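Enquirer: Residue numbers (our numbering), protein chains in the order written: chain A, 1 to 372; chain B, 373 to 997.
By construction, these hints were calculated from the structure, which means they are not laboratory data.
Since the structure is predicted, the reported quantities are computational estimates derived from the model, not experimental observations.
Partner residues aside, some chain B positions facing chain A, computed with beta carbon under 8 Å:
1. I393
2. A396
3. L400
4. R410
5. L414
6. V416
7. S426
8. R430
9. A599
Yeah, the Cβ is synthetic: ideal placement off N, Cα and C, and Gly gets one too.
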Amino acid sequence: MISVTGREMSISQWVLRSLRLDSVLLVLLSILLLLGLAVLFSASGESVVAVERQLMRIGLGVVAMLLVAQISLHGLRAISPWLFVAGVLLLLAVMWVGDVGKGAQRWLDLGFMRFQPSEIMKLAVPMMVAWYLSLRSGRPRFRDLVVTAALILVPVYLIMQQPDLGTSMLVGAAGFLVIFLAGLGWRWFVGLGVAVAGAVPILWSQMLDYQRQRVLTLFNPESDPLGAGYHIIQSKIAIGSGGLYGKGWLNGTQSQLEFLPERSTDFIFAVYAEEFGFIGVALLLLLYFAIVARGLWIAALAQDRYARLLGGSISLTFAVYMVVNIGMVTGLLPVVGVPLPLVSYGGTSLVTLMVAFGILMSIASQKRLVNR
Amino acid sequence: MAERDAYGEEQQDRERFVVRILLALVVLAAILLALGWRLSGLQVGAHSHFTTLSENNRLRVEPIAPTRGVIRDRNGVLLAGNRASYQLEITVEQAGNLDSLLARLRGYLELSEADVERFRRGVRQRRPFQPVLLKAGLDDETVARIAVSRHELPGVEIEARPLRFYPLGSKFSHAVGYVGRINRQDLQRVDGSAYAGTSHIGKSGIERYYEELLHGRPGYRQVEVNAQGRVIRELSVTPPQPGTDLTLTLDVNLQQAAYRALAGRDGAIVAIDPDNGEVLALVSAPGFDPEAFVHGISQADFAAVRDDKRRPLFNRALSGQYPPGSTVKPLVALAALDEEVTTAEREMFARGYYQLPGHERRYRDWRREGHGRVDMSRAIAVSSDVYFYDLAHTMGIDRMVPILGAFGVGQRTGIDSTGERSGILPSRDWKRATHNEVWFPGETLITAIGQGYMLSTPLQMADFTAALAARGERYQPHLLRAMDNGTGEPEYPLPVTREPVVVEEKHWDAIHGSLVEAVNARHGTAWGSVGSTRPEYTIAGKTGTSQVFSLGEDEEYDEEELARRLWDHALFVGYAPAEDPRIAVAVLVEHGGSGGRVAAPVARQVMDAYLLEGAGMTLEASEDE
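With the sequences and hints as input, model every part of the structure.
Expert: Take a look at the structure:
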């Protein structure tokens, strides 16, 4: 096929190059998005409307990715601090005038659309930290640590106040991963670990009984089978009853008969696991791993420190998303409300992720241009 | 120089970055392996466990109640059947505004505050797609009117449920029994799972004794439900096995004739076919309305029935224990003949009282002036107490008891119904065991005339009368004639024989002769009320009087002076036709006074109904169905 259609391939290569897209990443992402639509169709009770709406969001995401891919690294770097400042201001604005949705203040109504400023921070924080560290050279020193910690913790704190534990954690992780990739010395990690380990018992002793109970329930949901535990119990039943080969697409009883809550959003992985079994799950994990690996590969070949750090952080944050969601759905991690990346139903997170992949595309194409 | 430094630093930074990336990839791979391990544990290791849980989530088994078997008399007349009872249910999710719907419904039927209150409670407890009961027991007209305007009453459904009904009501209330709502005690004696879809259970009589047969076996519907419990689809159905239809030995005509013969007095009548033990009539009056219990009786109504002085809930025929009085005299006489204590021909002079040798106390005869010279036959016919005092004294209690026991006195017959009591056959051993006292000779005397400690039920009396009529052959009295479970021909259980009473034939002849004499001779105790009217067939029988309280040695018994509730019970046992007995009857009229005057005519009416009009009345009774 390659020899026969060599000319066509060069045309498609030319199209990809002129659109500044990485073909491997594009194929992997397409597979994941299409798989996600198939699972969503089943999880939503075969709702064509839900699939159409998700398809529109994907379209929006693809357009966003294409546009962002066209931005030069220079430009990305230049807007980083401004984006960060704008994001922090928007977070403050949410605190004052934000819309209440599902009991938390996260949304900002712009008249023509509503959006979550915390989503911006998922990208603005790693961009800002990468921008700052690209100004410095060598391993981050104590001063750098203090500055970057402040850059990370201010938005994390603001998002926690909304309250949105899941997003604040992911934003924190994105920023922290930049410092890690910049080569922060090991002793700092040890120090951080010790500090966390030391803070836990102190925090615990300060907590009231009902707060402790909440934390215990978070880590042991089975103790509350009708409340917090219901989700995780039904999720484990769905996953476990899927077996090795699964019950087949559209045949998962746990999801089709609505025993599984949040089945098209946070718990969509359980639907997939029920219908496609362990074999399907293993393939999905491999697909995610391949996307992360491709992203890191792009980062490793990037033009400069800023692109490298940003690309690495984006790839690893994507991995954190996936690990936290699957860990949560399988009952290994507390339920914190993190969607399965690019599969869960819902717009904002998907568009943000596609923008992030647009940045990766941009990094990939510009490295290549320089090599030429 | 600076450029090279910068370049070197960039190179160093890139290398450091690659190391970190590789490290991150290794950690990620490790985490993914851990996730994979966890998932394989759930999906492969614990697969069957979670499959069970998943099936439990989605599958529900719903019972389908079987149709209760019906009960008929021996002619096929319905005694207990099932009738549709209509109730109105509302499915909230289809109903729209509940208040306006209820307001509209008030145009069709009466709704009490309690109905609405219970309905609103039900709405809160159940899910919107589950129907909630608003009102039960709708009449046909209301059902029809609502059915016509269904389009104006969204979410309203009329549900038909089978409910027990008893066409002949109180006349059969004790014989057939009744069903009532299942309570906790009931669930202890049956398999609860078999009653998951059933609301009523047999509480007494045939309904209770044959509960298992009548109930049938429930069917099951396996359905798939969603998380809200809504049924998505039906997966499989096991149809219920309807209850067995029972045909009783009772005869509707005879039962009604017996009820009429009591003419409103309290008492019991049991009629048995001596050839097979079939119970032809089983009456305890007054009866009660069995359907009151089916519909759920109110506390006040129940208290009224329970505390009624006439005790309508008390089954006199099976649970009532009365001194059998003179009705046991034929049995005592038979014992004396068998034990060769006397002969039928031996005569004695019966005075108005009897004294044990060396004792002052006088045991009085019911007739102050005595009966003069009597042989055994005449002694039974005139019911001489003194003759039997003398006989008992000669024979002694130990030789009297075995024959009475052989006739079943003091033992449950084991009839297929509930509430039967055993009565008492006193003996030396019995007295020592229950009173811790020795037996006194005087007690032997009063035992011989069926007083003192001795107690018997009307069923027992009919049972020993049947055995007398059948010359000692004894069949188990029973109410069940045939069972039909709908799978083929009805099944007729064979009559169960019991240990016969074996004595010489001439002794039977002697006793039978004396019983004919008691009814048909001018001096017989039943002559005045029965024999003198010349029945179309020969009746053999024995009158009796069951003492409610005993009189002192010198006291006079005056019916007029005593309050009616202290009057003696009137008794009569007998069979007919004497030459070829087809029916044995025991009659008890509570506080009726004289057995000959009151009880014997009742027995005669029952016999007439059976022997004279039997064929003709079957058709008439069928119209009741």
